[in-house]
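> Chain residues, written in single-letter form:
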Amino acid sequence: MSKIREHITLVEGDLDTPIEGDLEPYVIFTQLATGRPYIYAGWVDAIDAAMAIQFGREHYGQDQKCVGLWAIPKPAITAGGAEVTARGRYEVFLRAESGEPHRSAGCVEAESSREALDTARRDISGAAEARSIWVALSERIVATGPDDVIWRLTDQTYRMARGYASEVRAKWEEVRARKDIEEYEKDDLKEMF
Amino acid sequence: MSGSSNVGMHIDHVADEDPQKLAEFEARIDAGELIEPDDWMPAAYRKGMLKMAEHHANSEIIGALPEGEWITRAPSLRRKLALTAKVQDEIGHGQMLYRISQDLGKTRDQMLRDLITGRTKYHNVFNYPALTWGDIAMIQWLIDGAAIMNQKTLADGAFGPYVRTMRRINMEEAFHFKSGEDMVLTLMTGTQRQREMCQEAFDRWWYPSIMFFGPPDKPNSEQLPPMRWRMKTELNDSLRQRFVNRFAPAALDLGLKIHIVTKDPDGIVTSKTPDKNLRLNEQTGNWQFTAPDWDEFYRVIRGHGPCNRKRLALRRLSYEQGRWVRKAVLKGSTALPPAA
Chain D
0 MSKIREHITL VEGDLDTPIE GDLEPYVIFT QLATGRPYIY AGWVDAIDAA
50 MAIQFGREHY GQDQKCVGLW AIPKPAITAG GAEVTARGRY EVFLRAESGE
100 PHRSAGCVEA ESSREALDTA RRDISGAAEA RSIWVALSER IVATGPDDVI
150 WRLTDQTYRM ARGYASEVRA KWEEVRARKD IEEYEKDDLK EMF
Chain P
0 MSGSSNVGMH IDHVADEDPQ KLAEFEARID AGELIEPDDW MPAAYRKGML
50 KMAEHHANSE IIGALPEGEW ITRAPSLRRK LALTAKVQDE IGHGQMLYRI
100 SQDLGKTRDQ MLRDLITGRT KYHNVFNYPA LTWGDIAMIQ WLIDGAAIMN
150 QKTLADGAFG PYVRTMRRIN MEEAFHFKSG EDMVLTLMTG TQRQREMCQE
200 AFDRWWYPSI MFFGPPDKPN SEQLPPMRWR MKTELNDSLR QRFVNRFAPA
250 ALDLGLKIHI VTKDPDGIVT SKTPDKNLRL NEQTGNWQFT APDWDEFYRV
300 IRGHGPCNRK RLALRRLSYE QGRWVRKAVL KGSTALPPAA
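Chains D and P supply the protein sequences, listed in that same order. Quick note: the first sequence, position 35, residue 34 per numbering that gives the first Met the number 0, numbers continuous. Quick note: the second sequence, position 81, residue 80 per numbering that gives the first Met the number 0, numbers continuous.
Calculated directly from the structure, the hints in this document are not laboratory data. Every clue listed holds true.
Beta-carbon label-pair distances, calculated as ranges: (1) P:K79 - D:E110: 53 to 59 Å; (2) D:D47 - P:S270: 53 to 59 Å; (3) D:R88 - P:V328: 29 to 35 Å; (4) D:R130 - P:P18: 25 to 31 Å; (5) P:P36 - D:P36: 18 to 24 Å; (6) P:R118 - D:P36: 40 to 46 Å; (7) D:R121 - P:M170: 35 to 41 Å; (8) D:V148 - P:P36: 31 to 37 Å; (9) P:R118 - D:R121: 48 to 54 Å; (10) P:S270 - D:G20: 51 to 57 Å; (11) P:I90 - D:G125: 32 to 38 Å; (12) P:M170 - D:T16: 33 to 39 Å.
This one's a predicted model, so the numbers in the text were calculated from it and none came from an experiment. C-beta atoms are modelled at their ideal positions from N, C-alpha and C, and glycine is treated no differently.
Model the full structure from these sequences, guided by the hints.
Below you can see the structure in the form of C-alpha cells.
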C-alpha cells in the first residue's frame with residue numbers, strides 16, 4: 000500500500016449518495032470427495048448463479064480439498080416456509096443433529112416442495128428423525144462440472160496451520176535449548192567462583 | 000480475527016414478550032439447543048445478535064487494514080503469500096458475518112454506510128498502528144491468539160448461524176495464529192536487531208491484547224441476557240486470565256520482557272517499566288499481572304485512539320471508490336470507471 004493512503008483526510012458526516020441495493024444470497028454446498036454428500040458450507044452474496052459459483056469456489060473451496068460445489072439461490076430452498084409449486088426432481092438436505100450443517104441425502108420426484116418434504120420424510124433414510132429438512136428443485140441448483148479444478152494443485156501449505164507445525168516445533172526447541180544453556184552457564188559460573 | 004467481546008451490549012428488558020414463548024425459548028437454550036433464524040426468539044435477542052454479528056463483521060473488514068498495508072513489504076515470498084491469504088480470510092469472515100446480520104434484518108449497504116459514518120463501531124484493537132513487520136507478527140500471534148480463545152467460546156453459543164460461522168472462522172484462525180507464532184519465533188531466534196524489533200512490537204501490543212476481551216465484567220454478568228441466552232458463554236475476565244496464563248510464560252520463554260508502557264497520541268511508546276506484579280501464583284495456578292489502563296481503553300473506544308480516523312478514512316474512501324463497481328454489478332449497466 001502506498002504511503003499516500005496513510006494520509007487520507009476523513010470526510011465526516013452523512014453520505015450524499017443514495018442507499019444502494021444488496022445482492023442476492025446463495026447457499027453453497029461443498030463436496031469433499033467424488034460420490035460423497037454435498038455439505039452446507041455457508042452463504043455468498045452474488046448477482047447471479049455464475050458469480051455465486053465463482054465466489055463460492057474462492058471462499059469455501061480453498062479451506063480443505065474440495066471436488067464439487069453447488070450454489071442454490073435462497074428463495075429456491077424450502078424448509079416448510081414459502082412453497083414452490085413446480086413439478087420435478089427435488090434434492091433433499093438433512094440436518095441430523097441440532098447445529099450440524101445440512102447434507103445432501105438424495106432426491107425425490109414431487110409436484111411441489113410441500114409434497115417433496117412429505118415424500119422425503121417417508122422415503123429418504125434419516126429424514127424422519129432429522130432436525131431440519133431442506134428441499135430444492137434440482138433445476139435451480141447450479142453445480143461445478145466434473146472436470147473443474149476447485150482445490151488448487153499448487154502447494155497450499157502456507158495457508159494452513161499444519162504448514163507451520165514442524166518449523167514452529169523446531170524453533171521452540173531451539174529457543175528452549177538456548178535458555179537451558181544460559182541457565183546451565185549461570186549455575187556453573189556460580190559454583191566455579 | 001476480531002471477536003465481539005467489547006461490543007457494548009445493553010439489552011432492553013423483555014417485559015413485552017409472551018411469557019410462555021419466552022420460557023420455551025429459554026428452556027431450549029438451557030437444554031443446549033441451537034436457535035435458528037426461523038425459530039421464535041425475543042425481539043431483544045434478535046436485536047442483540049444483529050448488533051453482535053454486525054460489530055464482528057465490521058471488525059473483520061477494518062482489521063484487515065493494518066495488515067493489508069504490509070503485504071507489499073513482506074520480507075519473503077512465502078510470508079507475502081501467507082499474509083495475502085490471511086487478509087483474504089479476514090474479508091471472507093466479514094462477508095459471512097454480514098450475511099448473518101442481513102438475515103437478522105439489516106441490509107449490507109446500510110451496515111457499510113453506518114460503519115463509515117461512525118454510527119456503528121468495530122473492535123477497539125484495530126485503532127492501534129502496525130509500525131513494523133514486528134507488529135504484523137504480534138497481531139497474528141497475540142491478537143489472533145486472543146481471537147481464537149474468544150471465538151472458541153462463541154462457538155459454544157446458541158445462535159445456529161453464528162455458531163457455524165465461528166467454527167469455520169476458527170479453522171482459518173488456526174493458520175493465522177500458527178504463522179504468527181512462526182514469525183515471532185523467527186524474529187526472536189534472529190539477529191539482535193530482529194529481537195529488538197520484536198520486543199518493541201510486543202511492548203505496543205501486550206496491553207491492547209489484554210484489553211481485547213473487553214472491560215471488566217459487571218458483578219451480575221452471568222445473569223444478564225447476553226450470557227443467559229448464550230450469545231456469549233464466558234466472562235471477559237476469565238478469558239483474559241486464560242490468555243495471560245497462556246501467553247505470559249510463552250513470551251518469557253521466547254526471551255521477551257513484559258513491560259508497562261506509556262504511549263503518545265500516535266501510539267509510540269514513550270516509556271516502559273517491567274511489570275513487577277507479573278508472576279505465577281502457585282496456589283491458583285494463574286499468572287498475576289498489572290491491570291490495563293482502562294481510561295485508555297475508553298478514550299480509544301470513544302474515537303481518540305492513534306488510528307481511529309485513519310481506519311475510517313480509508314474504509315470510507317474505499318466505499319466511495321468502489322461505487323462504480325457496485326453500480327455496474329447491481330444494475331448490470333455499462334457504468335465505466337472514472338477517468339484515470
